[in-house]
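A.B. asks: These are the residues of each chain, in order.
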Amino acid sequence: QKEVEQDPGPLSVPEGAIVSLNCTYSNSAFQYFMWYRQYSRKGPELLMYTYSSGNKEDGRFTAQVDKSSKYISLFIRDSQPSDSATYLCAMSANAGGTSYGKLTFGQGTILTVHP
Amino acid sequence: EAQVTQNPRYLITVTGKKLTVTCSQNMNHEYMSWYRQDPGLGLRQIYYSMNVEVTDKGDVPEGYKVSRKEKRNFPLILESPSPNQTSLYFCATGLAGVTEQYFGPGTRLTVT
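Protein sequence lines, in the order shown, are assigned to chains A and B. Each residue of the first sequence is one higher than the last, beginning at 9 in my numbering. Each residue of the second sequence is one higher than the last, beginning at 21 in my numbering.
In case anyone wonders, no lab produced these hints; they're calculated from the structure. Watch out, some of these pointers could steer you wrong.
With a Cα cut of at most 27 Å, we get these calculated BS3-like pairs of lysine-lysine [claimed, not checked]:
id, chain 1, residue 1, chain 2, residue 2
1, B, K85, A, K10
2, B, K77, A, K78
3, A, K110, B, K89
4, A, K110, B, K77
5, A, K110, A, K50
6, A, K10, B, K77
7, A, K110, B, K91
8, B, K38, A, K50
9, A, K50, B, K91
Build the full structure now, drawing on both the sequences and the hints.
C.D. replies: What follows is the structure, given as C-alpha cells:
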C-alpha cells in the first residue's frame with residue numbers, strides 16, 4: 009500500500025463548477041500538507057500549504073486537512089479553463105531538522121475544466 | 021530572475037553509459053532535491069540535500085548518486101543507466117525550514 013493515495017482521474021468539469029480533489033494517507037507522522045499544481049510540460053508549483061488539521065483559504069482555493077481520518081482535500085470554486093492541470097498532494101513529517109527534506113507525493117489528479 | 025535550471029532538458033542514451041544531469045539555482049537556497057516522475061506513480065524523491073556536503077536518500081535512491089560541493093549546484097549522476105531509469109526528472113530547491121519548494125523545468129531521460 010502506498011503511503012499517499014490519490015485518485016488519478018482524469019476529472020472533467022464545466023467552467024464554474026466546484027472541484028473537489030482528495031488524498032488519503034497512512035503515515036500518522038505527516039504534519040505538513042501541500043497541494044501542487046503542474047501544467048503540461050512544466051514543473052510543479054506550490055498552491056497551498058497547511059499544517060496539521062484545519063482549513064486554509066486562498067482566493068478560489070480551499071485546503072482541508074482531517075488528521076483523524078488521514079484525509080486531505082483541495083476545493084476549487086468557480087473553476088476556470090486555466091485551472092486545467094495535474095494537481096498533486098504532498099506530505100511531510102517535519103518542516104525542520106533532518107526529516108524536513110522528505111516529501112511524499114500522491115500520484116496526481118488530471119483536471120480539465122472545459123468552457 | 022529567480023530560477024532553477026536543469027540541463028539537459030532532453031536526453032536519449034544507451035544502457036551503461038554514465039551521465040550527469042545538472043541542477044543550478046540562483047536563490048541561495050540551502051535545500052535541494054531530485055525527484056523522478058512516472059505515469060501512475062507521481063513524484064518520487066531520489067535524493068535531497070540540506071546544505072553543502074550534506075545529502076540523504078529519498079524513497080528511490082538505487083542507481084543514482086549526488087554531490088553537493090557548492091550551494092548553487094546539485095548534480096544527479098547515473099553511473100550505469102538502465103531502461104528502468106527512463107523518466108522525467110525534476111530538481112527542486114527551498115529555504116531551510118520552509119516548506120515551499122521551487123521546481124526546475126524537468127529533464128526527460130530515455131535509456132535504451
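A.B. asks: Does each hint hold? Answer for all of them.
C.D. replies: Status of each hint after checking the structure:
1. Taking the CA atoms of K85 of chain B and K10 of chain A, the gap is near 25 Å; set against the 27 Å cutoff, the hint holds.
2. Of the pairs offered as hints, the one joining K77 of chain B and K78 of chain A holds, with about 25 Å between alpha carbons and a cut-off of 27 Å not exceeded.
3. As the CA atoms of K110 of chain A and K89 of chain B are separated by approximately 21 Å, the hinted pair is consistent with the 27 Å bound.
4. Restraint check for K110 of chain A and K77 of chain B: the C-alpha separation of about 9 Å stays at or below 27 Å, so the hint holds.
5. Between K110 of chain A and K50 of chain A the alpha-carbon distance is near 22 Å, which keeps this suggested pair within the 27 Å criterion.
6. Our distance criterion of 27 Å between C-alpha atoms is met by K10 of chain A and K77 of chain B, whose separation comes to about 18 Å.
7. Distance hint between K110 of chain A and K91 of chain B is fulfilled; the C-alpha atoms sit about 19 Å from each other, no more than 27 Å.
8. Restraint check: the Cα-Cα separation between K38 of chain B and K50 of chain A comes to about 26 Å, which is no more than 27 Å; the hinted pair holds.
9. A hinted pair counts as satisfied when its Cα atoms are at most 27 Å apart, and K50 of chain A with K91 of chain B qualifies at roughly 24 Å.
The structure fails none of the hints (numbered hints given earlier).
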